[in-house]
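Engineer: Below are the chains, spelled out letter by letter.
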Amino acid sequence: QQKVQQSPESLIVPEGGMASLNCTSSDRNVDYFWWYRQHSGKSPKMLMSIFSNGEKEEGRFTVHLNKASLHTSLHIRDSQPSDSALYLCAARGSALGRLHFGAGTQLIVIP
Amino acid sequence: EAAVTQSPRNKVAVTGGKVTLSCNQTNNHNNMYWYRQDTGHGLRLIHYSYGAGSTEKGDIPDGYKASRPSQENFSLILELATPSQTSVYFCASGGQGSGNTLYFGEGSRLIVV
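Those protein sequences? They're chains A and V, same order as listed. Under our numbering, the first sequence has 487 at position 97, and the numbering climbs by one with no breaks. Under our numbering, the second sequence has 15 at position 9, and the numbering climbs by one with no breaks.
One or more hints might be untrue.
[Stated by the list, open to error] Calculated pairs, DSSO-like style, for lysine-lysine (alpha carbon to alpha carbon, straight line, at most 30 angstroms):
#, chain 1, residue 1, chain 2, residue 2
1, V, Lys63, A, Lys393
2, V, Lys63, A, Lys435
3, A, Lys393, A, Lys457
Keep in mind the hints are simulated off the structure, nothing from the lab. For clarity, every value in this text was computed on a predicted model and none was experimentally measured.
Using the sequences and the accompanying hints, generate a full structural model.
Structural biologist: Here you go:
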């Protein structure tokens, strides 16, 4: 049973549209979430991280966190074909804890 | 950005053979990790290390050994490779504390025939 659940498994959005990705942890000790992006054939690279309740924005990317429900979401506005990738959510159970990754959401942005 | 290099990038091994995947990082991170990635499973942790001389079991350690001879190097060893170990393997390094962002190598694709 995976500790980190992501939805949807895949998502198709038109260029210029909004993409919304979800992630929930079943570990009550989680204190930090990351979003990684992995282009096809490449390695994962950290996109954004969040540990406080609320919202964090960086350019076209916004991350929300609700610590009570252990739910985080990633929103990409004005989606571009270059955003097409596998988006991985990771959660950590303590300062020295291991990261657990979800299975990912495959995002496809159609021109 | 942290530099993590893996070798070999591609490997074909025979069932029952020994495979060693190597990883080197140049950013003096204490923590290093080995993950495997398979469709539908995301990244699953095999072994990790908090520093030279230490290795810890991750979530799927069976069939794998790890070695951390120095701060920079972390190896994953498959003593008796099996076809179920066909996968893409990623090494990662990261610091401790609240900023434990992981930096990944480019991956090693292993096929066991």
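Engineer: If a hint holds in the structure, say so; if it doesn't, say that too.
Structural biologist: Okay, the hints, checked on the actual structure:
For the hint linking Lys63/V to Lys393/A, the alpha-carbon distance of about 17 angstroms falls within 30 angstroms, and the restraint holds. Proximity of Lys63/V to Lys435/A is assessed by CA-CA distance (about 24 angstroms); at most 30 angstroms being required, the pair is judged to hold. This hinted pair checks out: Lys393/A and Lys457/A have alpha carbons roughly 15 angstroms apart, not beyond 30 angstroms.
No hint from the list above goes unmet by this structure.
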